[in-house]
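Protein chains in written order, with full-length UniProt numbering: chain A, 1 to 515; chain B, 1 to 432; chain L, 1 to 374.
Hints listed in this document are in silico derivations from the structure and should not be mistaken for laboratory results. A portion of the hints provided could be inaccurate.
Unchecked claim - In silico DSS-like pairs for lysine-lysine, Cα to Cα no more than 25 Å straight-line:
no., chain 1, residue 1, chain 2, residue 2
1, L, K224, B, K92
2, L, K174, B, K92
3, B, K92, A, K374
4, A, K353, B, K286
5, A, K120, A, K162
6, A, K353, A, K204
7, A, K374, B, K286
8, L, K174, L, K293
9, L, K320, L, K76
10, B, K92, A, K353
Unchecked claim - Just a sample of chain B residues kept apart from chain L, beta carbon distances all over 12 Å, derived:
no., residue
11, V29
12, I37
13, A51
14, V103
15, L135
16, L139
17, P169
18, A187
19, I251
20, L255
21, I265
22, L287
23, V380
24, L381
25, F387
Note that the Cβ used here is the ideal one computed from N, Cα and C, for glycine as well.
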Amino acid sequence: MMSAPVLLEMRSITKTFPGVTALADVNLEVRQGEIHAICGENGAGKSTLMKVLSGVHPHGTYTGDIVYQGEQVRFSDIRASERAGIVIIHQELALVPGMSITENIFLGNEPRGRFGIDWKVAQRRALELMEEVGLQEDPDTLVKDIGVGKQQLVEIAKAFAKDVKLLILDEPTAALNEADSRHLLDLLRGIRGRGVTSIIISHKLNEIEAVADTITILRDGRTIESLDVRADGVNEDRIVRGMVGRELHSRFPEHTPNIGEVFFEVRDWTVRHPISADRLVCKGSSFTVRRGEIVGFAGLMGAGRTELAMSLFGRSYGVYLSGRIFKDGEEVQLRTVSDAIGHGLAYVSEDRKAIGLNLLDDIKTSMVAAKLSKVATHGVVDPVREYRYAEEYRQSLRVKTPSVDEGVTKLSGGNQQKVVLAKWMFTDPDLLILDEPTRGIDVGAKYEIYGIIQRLADQGKGVIVISSELPELIGLCDRIYTVFEGTVTGEVPRAEADPELLMKQMTSTKKTPIR
Amino acid sequence: MSRIKDLQKNLFGGTTSNARQFGMIFTLVAIVLLFQIWTDGLTLTSGNLIAVVSQYSYILILAIGMLMVIVAGHIDLSVGSVAAFTGIVVAKAMQEFSLPWPVGILLGLAVGALIGAWQGFWVAYVGVPAFIVTLAGMLLFRGGNQYIGNADTVPVSEGFRTIGAGFLPEVGPNTGYNNLTLLLGLAACAGVIWRELKSRQTRREMNADVAPMWISVLRMAVMVGVIVFATLRFAGGRVGTSLPISGIILIVLVLAYSHYTRNTIGGRHIYAVGGNSRAAELSGVKLKRVNFLVMMNMSVLAALAGMIFVARSSASGPQDGLSWELDAIAAVFIGGAAVSGGLGTISGSIVGGLVMALLNNGLQLEGVGSDMVQIIKGLVLLLAVAFDVYNKSQGRFSIIGSLMRPFRRDDPPPPTDRPSPSSDADKAPVAG
Amino acid sequence: MRKYLTRSIAMIGAAALLTLSACGTEREGAAPADTGGSAAAPAKGFAADALIGVALPSKTSENWVLAGDLFTNGLKEAGFTSDVQYAGASTTVADQQAQISAMVTKGAKVIVIGATDAAQLTTQVKQAKEAGAVVIAYDRLITNTPDVDYYIAFDNFKVGQLQGQALLDGMKAKKPEAPWTVELFSGSPDDNNSGVFFNGAMDVLKPLIDKGDVVVGSGQTDIKQTAIQGWKAENAQQRMDSLLTSTYNGDKKLDGVLSPNDTLARAIITSVKGAGKDIPVVTGQDSEVESVKSIMAGEQYSTINKDTRKLVAETIGMVKSLQAGTEPTINDKDSYDNGQKVVPAYLLPPVIVTKDNAAESYANDPKLAPLTQG
C-alpha cells in the first residue's frame, strides 16, 4: 500500500478571506488507490480545502501548489477539475428529483448520437454503472422515488460516468441509515481495488476508522497530522484527540440521573400515512417517560420514530387513528401544535434547516418564536423582554455569536441547534422530544448539547432523544426503546444496553417483554 | 467606521432588508433632486406634491396589503379588479338606493371583506395557490365590474369624493398656511422625537449599545427637517388645498400596519409563515388563519383603494384598476421584499412605491410620453431587483460599507464555509 | 447630557429654519384664480409663447397619432410651447389624470383634452380651472363637471346620420328591393360620442326598421347590446363572430353592417370573410389608411372624412384667440349639455366618402391621395 505512487499533493495551501485565514500552510498527500479521510471540527477548513482542490476557489485566489498526477495544475473552475477526473459529491445531492436515474447519471454529460442524445447507449452504460455501484433499480425510475441511500449511489455512478480518478465525498453517510452506510463504505473499498482514489470527509469517526487508509487531521485551518491507520494503530479517541487538540476523557459529560415517577404515557398510538390510506406509520405504540429521565428511541431510518414523535406533537404528521396520551395521570387531547405546546410538549425536529428554524430570522426572534405571548403584552411584542430572554439563553447555552441580533444562518450547525433548543426551552416544556439532536454537529458541540440535555433532565423534565447513532443513545439515555416498522419492539435499561441487543430489536417485530 | 455603521443601523432599523431600503431611500432622494433640477423646481412645488400624493395614494395603500401577502409567500393579482368591482358596486348602490356616502364606504369595505374571505378560503383552507385563486379573481371581478356597470361610467356624490379629492378644511387664523396641516406636521415632529427618545431608552434597558447622542440628534434633525419641509409644502398650496385626505388615510394605514407587522405577534406570524411555513406550523402558528387573514386584508385594502380612486375620478368606470396589481407588486419588490417570502417591510414598500411615483411624475413633468415612462419603469424594477440578487450572491452588502472600504481597518469576514468564527470581524457587516 | 440636549435642540431648530426659509408658499400666486370664479378667462389673454397642454387617449387609432403630431407642429408654428401626451395603453384613465395634473403644475394656459373616459376627469379639470387654465374638450365632451370651457369636434350627430344614409345607399345599390338585413354596432360605452353616432344613424334607420324595410337580423338594437368596449377591434370581431354563428349560420344573407368607425369596420369584415360569407355593406369613420385601401378594393363601403387637420387647425385657432384675449368662435351654444353645464361648442361638418368620391375627398391629403389613384 505504502509504495503506491502519490496521486495528489497539495503543498502549503493558504487561503485567506478578507480578515480571516481559512487555510494556513496546509499540506495534503494522497496516494493512488487509497481512501483518504480528512477529519476536523466544523470550521477546521475541510470544505475550503476541497473547494480549492475542485476549482470552486479558482487558481489565483489561494497560494500554494497543487500537484496532480505529477503535474502542477491550476483549475479555473469546477469543470476544469472534472475534466482532470476529480469529482466532488456534496452533502446536498445534486440530483434532479423529477428525472430518471439514467437521465441523472448523464446530466450534462449526455452521450451524443446522430439525433441529439443517444438514449440507447445511455441506458446500456447506466446499467453497467449501476451494476458497478451495486444499485439494483430500474434505470427509468425517477430519482425522487428511491431512498437517500440509493440516491447517493446514483451520484457515485454519475461520477463514474465522468471517468473519475479522484472521488471526493463530503459527509456521504450523514443522511444514511446503518445498512446504507455499510453498503456505501463497502463500495468505497471496492472501488479502491480498481484504482479509484477517494477522499472522504466525515464526522462519523467509527466509519473513518473502519474504512480509511490514511487520515489527515485539520484544526483551525492547519494540518495537524497525517496518520496511517494500519501502521499507527489509530482508533476513535486518537482521532478525536487530534481534532480537538486535547484528550476528551469521555464523549459524554458525567451525569447522575435523578429519576422521578412516570408523568407522560402513550398507549396504543396508531397513525396512518398522510397520503396512502392503508399504510400505518405507527402501529399500537406504547411507552412512558418519567420525570428527570432521558429516554432514547432507537430504530433504523424509516422505522417510524420521527413519525411517532411528530404525530404526538399536535398531530403534525399523518392521520391520527387511535391511541391515548396521558400526562400527569390525566388524559389529554393534543389536536394542534398549540395544544401540544400548551400541555408542555416541545419537539426539536431532525432537520433544523428545513423545518426547525426560519433561516431569515435573527437569533432572538428565533428563540422566542414558539411562545411569543411570553414576551408580549396585549399582542404587542416587547423588544426589551425579548432581548433579555435571548441574551439569557445565549449565555446559558453558550451560543457562539457576537450578538443575538445576528441572523441564524451565520451560526454553525452546533450553535443553530442550541438556538433551536433555546426556542423550545423557552416554552417551559415538561417533555422535550429531540429528534437527532446532534446530526451534522462536530464533536465539541455534541458534548455541550449532551450537557444541556442532562441539565434539562435534572430540572425534572422528561427528555426523549431519537437518534440513529447507537453509541450516542447508549451513552446518554437512561432507558432506550427500540422501534421497528412503526411499533415499539423493546425496552432496554441503560445497564443492559449494548449495540448488538439494540440492533436485534431494531430489526425484528418480536416484542421483548416490557418491564 | 463604527459610527457610520451605527448611523446606518440606527437610521434604518436592524432588519435584514435594510441595506436595500437604504439604497432605495438614496435612490428616492436622488430622483427627487434630479427632477427638481431638471424641471426647474417644479417637482417640489406644493401643487405638484399634493397632486402626486393624491395620484398615488391608492397604489401605496395597495402596496401595504401586497407587502403582507408577499411576505407570507403569496401574491395577489386580483387587486385591480377587486378595486374596480368595489368601486362600481358602491357607485351603483349610492346612485340607485341614494345611500349616504359614509354608508357607501362601509358597504365598499364590507364588499372587500367578503371578496377577501372568498379568496382567503380558497388559498388557506383549500390550498389552491394564491396565484391561481387571484388570477381567477382578476377575471371574475373584472367581469363583475362590467356586468354590474354595463361597462358604463357611474358618477358618485360630492361627499364621497372627499376621500379621494378632498382636503383639510381651512380653520383658525390666517397664517398663510393650511392650519390643520401645520398641526399635523407639529404632531409628526413630536412623534419622531418621542420615538427616538423611547428607542434610546429601550436600548438602554436591553443593556445594548446605545448609539451616541449625536447620531440621535442628527437623525432627529434630518427627520424633523424633512417633516417641516413637507408640512410647509403641503400647507402652502392654493387656498382650499392641503395634505389630501387620501394622503392622511395613507399615513394612518402606514403607521398602523408598520406597527402591526413589526411589533405584534400577528405580524411576526406573517413573517414566520413566509420564511418557513413548516417551521412556523411546528412552532404553533396557525398557518391557515394567517393565510386567510392576509388575503382577506388585501382585498379590504383593495376595496378602499378602489373607492379612493373612484372618489378622485368622481365616477366609477370600466377601466378602473387596470394593471394596479402590477404597480403594487413592483413597489413591494423595489422596496426590498423577497420573491420567496419572509422578507420585506411596509416602509420599504412605501419607499419603493414613491420611487415609482416620483419617477412617473418627474418624467411626465418633463413631457416624456407614457410609452417611454413604461420602459423606464420596467428597467427600474429590473435593476432594483437585479441589484439585490447580485448583492445576495456577493454574500452581503452595505452601501456605506462599500463607500468606506478604502478607509477601514477591520476587513469584513469572508462569505465562507466557516459559519461560526466568533471573531470580532464578524460584527462589521451586520448592516448587510 | 444637558449640553447634548441643548445642542440637539439647536440643531433641530436650525434644520427646521433651514427648510422653512427654502419654502415659499403658493397661496398668493393662486389668488387670481379664486376670484375668476367659474367663468372662463378669455378677456385676459396670456403670453404668446405660453405652454399649451394636449392630453390625448392612448394610441389606439391612427387619428390620435396624427392629431398628436399635428398639435405638436401646429402649436410650435404658432409660437406656443407644447406638451402633447398620450395615455398609456393599459392604464389609460389614471395616466391621463396624472398627465393633466402635470400640465397644470407646469403652468399650462390652455389644456386640450381628448378624454379617455369622459366622466372621470372631474378632479383634474377642476384643478386646471383653479390654476387659471382654459379647458377645451377635443373631439369628446368631458362630462360630470362645470369646469370645461369649450368643446370642439365634428358634428357627431351628423356623422351618425351620414353613416345611416350611406348604409341605405350602399344596400340599395346592391339590392334594389327591401327588405334589407342589417346588424348594428356602436362604439365604446364610456365614450360620450358613441351614443351620439348611434342616435344619428338611428335617426335615419329607425323609421325604416319600424316599417320593416330594414330588418336587424339578431334583433339587437339596444345600444347596450351593440356597444364595443374600448373601441377594440378584437371585441368587435368577437361580437361579429358570435352573431354570424348565432344568426347567419345557414344561407341567411346579411346585407349591411352599421359600424361606427373604420377599425371596427375592418374587424367586422375580417370576421365575415372568416366565416366565408359575402361581404355586406359596411360603414365606417375616420378615413384610416387601411380602410381607404379597403374601400378602393371594394370591401368596406364607406368611411367618414373628419379631416383631423381641420379639427386640429380650428383648435389651434381657438387657442390663438384665447391668447389674444378674444372670445373664440362658437357655432353651437345649446346642444352640448354635459350634465352640469351647457358647453359652448364649435362643430365642423363631416363628409361621407365612398369609392366614388374618394379621389376628390382626399385630394389634399398627402397620405391618402395616392391610394385613391387608379
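Indices of hints not satisfied (ascending):
Hints 2, 3, 10 and 13 contradicted; others consistent.
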